[in-house]
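Participant: So the chains spell out like this:
There are 2 protein chains.
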Amino acid sequence: MKKQQGATIWLTGLSGAGKSTICKFLEAELRSRAYQVEVLDGDMVRQNLSKGLTFSKEDRDENIRRIGFVAHLLTRNNIIVLVAAISPYQAARAEVKARIGDFIEVYVNASLAVCEQRDVKGLYKRARAGEIKHFTGIDDLYESPLAPDVECQTDRETIAESVDKILSKLAELGYIDRRVALITTPS
Amino acid sequence: MKKQQGATIWLTGLSGAGKSTICKFLEAELRSRAYQVEVLDGDMVRQNLSKGLTFSKEDRDENIRRIGFVAHLLTRNNIIVLVAAISPYQAARAEVKARIGDFIEVYVNASLAVCEQRDVKGLYKRARAGEIKHFTGIDDLYESPLAPDVECQTDRETIAESVDKILSKLAELGYIDRRVALITTPS
Numbered sequence: 064m065k066k067q068q069g070a071t072i073w074l075t076g077l078s079g080a081g082k083s084t085i086c087k088f089l090e091a092e093l094r095s096r097a098y099q100v101e102v103l104d105g106d107m108v109r110q111n112l113s114k115g116l117t118f119s120k121e122d123r124d125e126n127i128r129r130i131g132f133v134a135h136l137l138t139r140n141n142i143i144v145l146v147a148a149i150s151p152y153q154a155a156r157a158e159v160k161a162r163i164g165d166f167i168e169v170y171v172n173a174s175l176a177v178c179e180q181r182d183v184k185g186l187y188k189r190a191r192a193g194e195i196k197h198f199t200g201i202d203d204l205y206e207s208p209l210a211p212d213v214e215c216q217t218d219r220e221t222i223a224e225s226v227d228k229i230l231s232k233l234a235e236l237g238y239i240d241r242r243v244a245l246i247t248t249p250s
Numbered sequence: 064m065k066k067q068q069g070a071t072i073w074l075t076g077l078s079g080a081g082k083s084t085i086c087k088f089l090e091a092e093l094r095s096r097a098y099q100v101e102v103l104d105g106d107m108v109r110q111n112l113s114k115g116l117t118f119s120k121e122d123r124d125e126n127i128r129r130i131g132f133v134a135h136l137l138t139r140n141n142i143i144v145l146v147a148a149i150s151p152y153q154a155a156r157a158e159v160k161a162r163i164g165d166f167i168e169v170y171v172n173a174s175l176a177v178c179e180q181r182d183v184k185g186l187y188k189r190a191r192a193g194e195i196k197h198f199t200g201i202d203d204l205y206e207s208p209l210a211p212d213v214e215c216q217t218d219r220e221t222i223a224e225s226v227d228k229i230l231s232k233l234a235e236l237g238y239i240d241r242r243v244a245l246i247t248t249p250s
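Sequence lines, in order, name chains A and B. Taking the working numbering, I'd label the letters of the first sequence as residues 64 to 250. Taking the working numbering, I'd label the letters of the second sequence as residues 64 to 250.
These aren't lab readings, by the way, just hints derived from the structure by calculation. Computed from a predicted structure; not experimentally measured. Each hint should be verified, as a subset may be incorrect.
Looking from chain B toward chain A, a few residues come up when the C-beta cut is under 7 Å (computed) [unchecked claim]: (1) His-135; (2) Leu-136; (3) Ile-142.
Idealized CB from N, CA, C, for every residue including glycine.
If we strip away everything but chain A, and leave its shape as in the complex, we get (with noise of 0.2 Å):
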């Protein structure tokens, strides 16, 4: 059995642009090709790990600190971590990437106009009738990323094609290996 390189892969975006998504079916994906795989997800994090934080600035900087040291502790014992969390601040995601190293950023991106459409957790509705503060795309800043390793836009592509780019790049950087045929998404 040869060892796997751990790497981790950074889901950013908009509530609603598709993260836990895509993470599922990278997951299972990964997974049939026998890639130890491990899943940090935003609301699951925030729960074990940074319960008592709110959402401000400081506090989303530090609910982002603390998913990246457990994904550096993985991603160093050849793990591939899969994090699916907003991540707003470029800074916070830069720190993260610099920590980790084997850092994929893949930018999740689908207009506000349609994350809001689709308004999966009915949670845009909420903030517009100003029930939830601090939220990202209604009176939080989202910063797009400046140079994203993989780039998804989900209101225009399907889930397998996201996936498929993701995969791609991870063979690319040779985290999985070529060899075996990546989702075969009909043209």
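Once you have looked at the hints, place chain B on chain A.
Facilitator: Here is chain B on its own, set in the frame of chain A:
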């Protein structure tokens, strides 16, 4: 390469009992045998995951839960995790044990008098002077493990003996290979 089995080796005990020291030697021993090891030290965790938490019972329990969360992620990815944390409350340790499953509780036991005499970090002195509140053993409770898997009596045995006890238990439970000779301590 055989995939190793993950486990959390949880060292509990008073400040100054020798948890970090045992951890350090145990880590070196396991690494020298090519096991994949990660150390979660109480102080390091406070810094990275639990900034802002106090030493109240509630916050201590939350701190232990966070360490447990991370230890669990690593353990289920086949890493041997060494945790050094005072973790004074029985219920919190039991909760973490139940969550992780592959969990070896090590009671690092030295009398309060001995720990206070060592006072490596000068904390007991400060606690006695009232400069630190909620200090375990002084004005905060330490609940000794009821049935630890290993007990290291660091006030009457060498570090090598303590480490040896833990390695023997790990071998007995099948987490490490019995065929590799354990540390030989002078008889």
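Participant: Hint by hint, which ones does the structure fall short of?
Facilitator: The structure breaks only hint 1.
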